[in-house]
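Colleague: Based on the provided sequences and hints, a complete structural model is requested.
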Amino acid sequence: MMQTTRRSVLGAAGAALVAPRLASAQARASTLRFVPQANLSNIDPVWSTAVVVRNHGLMIYDTLYGLGADFQPKPQMAAGHEISDEGRRWTITLRPGLRFHDGTPVLARDCVASIARWSKRDVLGQRLDGLLDGMRAIDDTRFEIRMKKAWPGLAFALGKPSANICAIMPERVAQTDPFQQIQDFTGSGPFRFLRDEFRAGDRVLYAKFDGYESRNEPTDFLAGGKPVHFDRVEWQIMPDPSTAAAALQNNEVDWWETPLADLLPLLRRNRDIAVEMISSAGNLGVLRFNFLHPPFDNVAVRRAILPALDQRAFMDAAIGTDPEMSRVPAGAFTPGMPLANDAGLEVLSGPRNLAAAQRALRESGYAGQRVAMLSGTDIPILQNLSVVAADLLQRIGFNVELQAMDWGTHIQRRTNRGPVEQGGWSAFCTTWEGFDVSVPGSHQPIRGHGSAAWAGWPTIPRLEELREAWFEAPDLAAEKRIAEEMQRVAWQEVPFIPLGQVLPRMAHRRSITGLVKGGPALFWGVRRA
Amino acid sequence: MFAYIVRRVLATIPVMAIVALFVFSLLYIAPGDPAAVIAGDQATPDDVERIRASLGLDRPYLVRFGAWVWDIARGDLGVSIFTNLPVSTMIQQRIEPTLSLMVVTLILAISIAIPMGVLAAQRQGTWIDRAVMGFAVLGFSVPVFVVGYMLAYIFALELDWLPVQGYTPFSRGFWPWLENLILPAVALGSVYIALIARITRATMLEVLQQDYIRTARAKGVNQSGILFLHALKNAAVPVITIIGIGLAGLIGGAVVTESVFAIPGLGRLTVDAILRRDYPVIQGVVLLFSFVYVLVNLAIDLAYTLFDPRIRY
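Residue numbers (the working numbering), protein chains in the order written: chain F, 1 to 529; chain Z, 530 to 842.
Hint data in this document are derived by calculation from the structure and do not stem from the laboratory. Just to be clear, a hint being listed does not mean it is correct.
As the list claims (entries may be wrong) - Listed next, with one range per pair, are the computed distances between beta-carbon atoms: (1) Z:Leu628 / F:Asn298: 52 to 60 Å; (2) Z:Gly595 / F:Asp133: 45 to 53 Å; (3) F:Asp140 / Z:Thr573: 33 to 41 Å; (4) Z:Gly595 / F:Leu194: 35 to 43 Å; (5) Z:Val538 / F:Leu194: 35 to 43 Å; (6) Z:Ser670 / F:Asn298: 51 to 59 Å; (7) F:Pro152 / Z:Gly595: 50 to 58 Å; (8) Z:Gly595 / F:Thr91: 53 to 61 Å; (9) Z:Ile657 / F:Ala404: 23 to 31 Å; (10) Z:Ile636 / F:Lys120: 53 to 61 Å; (11) Z:Gly595 / F:Arg417: 49 to 57 Å.
In this text, a Cβ means the ideal position worked out from N, Cα and C, and glycines have one as well.
Modeller: Shown next as structure tokens:
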């Protein structure tokens with residue numbers, strides 16, 4: 001019989017005290033704790049264009065194609081495709097073993113329904129919708145897309161990471177009205193969304209999907225293998241940057257997506273924390289004009305700003321003076337991406353000349369009309385860009401009124417097409433995710449289709465012609481030529497002025513390795529060292 | 530007394546109705562459009578209109594208000610425009626952290642502030658009195674978020690005694706629950722402690738001048754008996770009033786504290802909803818807050834009877 005001694009009792013008591021901590025430590029080891037850039041305000045990546053919703057979508061849904069690190073589309077859920085009928089008919093074959101989170105196989109009809117829903121909301125999807133002659137499942141693993149004319153960029157559209165992504169959902173879910181949110185979150189990606197544990201504004205939880213059939217290839221940004229090394233990923237919403245910084249330093253979280261530039265020196269001083277650039281696309285700052293009313297309905301007034309605009313000043317205000325955090329000069333297309341070019345870029349990269357801008361404004365016919373510059377105060381980068389822009393316009397000679405408001409009001413105000421006296425606006429600053437403005441197809445600021453265009457509503461037929469030509473460009477060389485021409489037209493017509501490329505950093509504990517570089521925070525390939 | 534309570538509870542109905550009308554009207558005329566937020570930058574005006582119609586935001590004011598009031602009368606606070614979750618579910622998820630924060634803050638504040646105020650009154654003019662009053666000035670003048678950051682820096686980052694942020698539900702144990710609340714409660718309670726301490730001191734100074742205190746002293750009652758049995762009880766009514774008023778301040782202060790310490794409470798829910806124009810959530814939370822405030826006032830009125838036998842309802 002075992003004898004009970006004081007030592008054994010103390011040992012048992014000690015073990016009882018330590019056991020929960022060990023269990024907690026083990027749970028922590030298999031859970032990745034992540035602070036996203038914003039609150040996950042809704043959970044349907046086809047219904048919403050928010051970047052954080054797109055990131056959520058990339059976790060729980062897979063896509064037919066995925067961009068590689070070279071930003072070229074590669075088959076992902078698709079095994080491959082055949083193009084026939086002079087490029088108008090695509091037959092896409094699914095790779096074997098694909099399953100939804102409820103265990104049912106991914107079938108061709110699921111893909112057809114998913115593409116149909118996506119094509120009503122996404123800008124490139126709408127292009128497909130306009131071209132579509134028919135789409136049907138041939139059998140369980142093959143489906144065809146017939147178009148009225150060839151579109152070589154279809155694979156790019158189906159695999160692009162910019163919102164909205166073409167998320168593959170079960171047919172029953174994808175049949176939801178595209179203007180209504182889905183209620184069933186059965187996904188096709190490497191993570192399952194744990195809806196029962198979801199607390200909006202606080203926690204978003206994901207579990208590894210054991211039935212995910214990863215490609216047997218190295219991870220290649222959004223293409224290739226998507227191996228998952230954590231049982232759970234926990235998004236912790238932290239509205240306050242200082243709190244997120246402290247939590248990262250205190251090892252309460254592993255990874256922070258968007259550390260404030262001001263806090264980076266503090267984080268860099270901590271030997272356990274790495275600060276690095278993950279998304280090479282970053283964000284493009286944009287100064288946008290209202291084409292419907294004076295003074296910016298006058299192209300000479302818009303052009304007058306160019307000689308004095310200093311992109312470096314905008315970037316310093318937006319993200320700090322560290323030159324690695326931003327890139328100038330930036331043209332109309334995202335620097336570092338295949339279509340970035342320097343056609344006519346000297347209008348922004350040459351020596352700055354305030355006197356020339358003032359002279360150009362005097363000669364433009366500007367009659368001192370009030371310029372209402374909208375500024376969203378709850379997004380620091382945008383507020384800083386707006387303040388610099390207002391100051392610049394004032395120095396050039398504009399009669400500027402900087403109107404500060406919260407982002408919710410800002411978004412509504414800029415839908416107002418009336419003159420300034422009736423609540424309208426003249427200009428505002430914003431940023432576009434680099435992927436969006438990397439190609440003409442999804443580049444909203446460079447479009448010129450009048451009343452249907454993005455806020456500002458420019459009518460510039462030449463830009464629309466060139467965009468149309470881009471869709472039909474046979475190769476990258478042709479795409480580049482078109483992009484160069486679009487950029488030249490942009491300097492002439494000035495639908496917007498690029499303010500520089502913001503290159504935000506992410507911060508993570510050094511114990512976290514294998515972060516996939518190229519774009520947003522991705523959770524495959526990541527492991528704890 | 531029972532009839533009084535019933536009358537007061539019934540009186541909350543018109544108050545709530547006025548609050549409901551006010552909140553709904555304010556949101557109706559306020560700038561911002563959730564449909565535009567949802568639609569995003571790529572949407573056409575038609576897309577925005579379709580979303581607005583699907584949310585029922587294109588209906589006339591009276592129709593929307595009527596439908597909302599009818600839903601509330603049936604106990605349905607509606608569904609969040611953005612998360613598609615019932616507002617009641619979102620409130621349920623958030624009420625425990627806010628309630629916990631307020632309870633811990635209240636206990637902490639009362640247990641520190643009242644002895645401080647009594648001590649300062651008893652030692653009027655000494656360095657103790659000046660120290661207490663100095664602390665009170667600091668408590669009033671240093672913003673809650675500054676106190677919060679300082680506490681997090683010292684006790685979490687430097688000393689590693691407490692976590693920086695987050696909330697652990699009470700169901701996972703008392704200590705895990707409490708350790709997440711200590712720093713936020715101290716930060717949030719700093720103003721509250723200052724307020725209660727000052728009022729306690731001022732009221733006690735007045736009470737300590739009364740004839741019956743001199744009589745008690747003459748009868749040989751010891752100092753602590755005079756202070757806590759005779760004087761404090763008579764000084765309690767203004768202090769309770771201040772505690773009640775301060776509770777409303779706690780609700781407001783919780784918004785900042787919950788953001789600084791990443792506590793998923795009702796304060797953060799409200800701010801997030803306002804920024805996104807999530808009307809059903811804003812309306813639901815404001816109604817809840819106003820209801821709580823009315824109940825707190827009722828509780829304070831009832832508490833008067835415990836300390837002052839002259840008060841009867």
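Colleague: Take the hints in turn and mark each one as holding or not.
Modeller: Right, here's what the structure says about each hint:
The hinted window of 52 to 60 Å between Z:Leu628 and F:Asn298 holds, with their beta carbons roughly 59 Å apart. In this structure the hint that Z:Gly595 and F:Asp133 lie 45 to 53 Å apart at CB holds, the actual value being about 47 Å. Judged by the Cβ atoms, the range 33 to 41 Å given for F:Asp140 and Z:Thr573 holds: they are separated by roughly 36 Å. Between Z:Gly595 and F:Leu194 the beta carbons are some 38 Å apart, a value that agrees with the proposed interval 35 to 43 Å.
Take Z:Val538 and F:Leu194: their Cβ atoms lie about 40 Å apart, and the range 35 to 43 Å holds. Separated by about 52 Å at the C-beta atoms, Z:Ser670 and F:Asn298 satisfy the suggested range of 51 to 59 Å. For the pair F:Pro152 and Z:Gly595, the supplied restraint of 50 to 58 Å holds, since their beta-carbon distance comes to about 54 Å. A C-beta distance of roughly 54 Å is found between Z:Gly595 and F:Thr91, which places it inside the suggested range of 53 to 61 Å.
Between Z:Ile657 and F:Ala404 the Cβ separation comes to about 47 Å, which falls outside the hinted range of 23 to 31 Å. Evaluation of the 53 to 61 Å hint for Z:Ile636 and F:Lys120 yields a pass: the beta carbon distance comes to about 55 Å. A C-beta distance of roughly 31 Å is found between Z:Gly595 and F:Arg417, which places it outside the suggested range of 49 to 57 Å.
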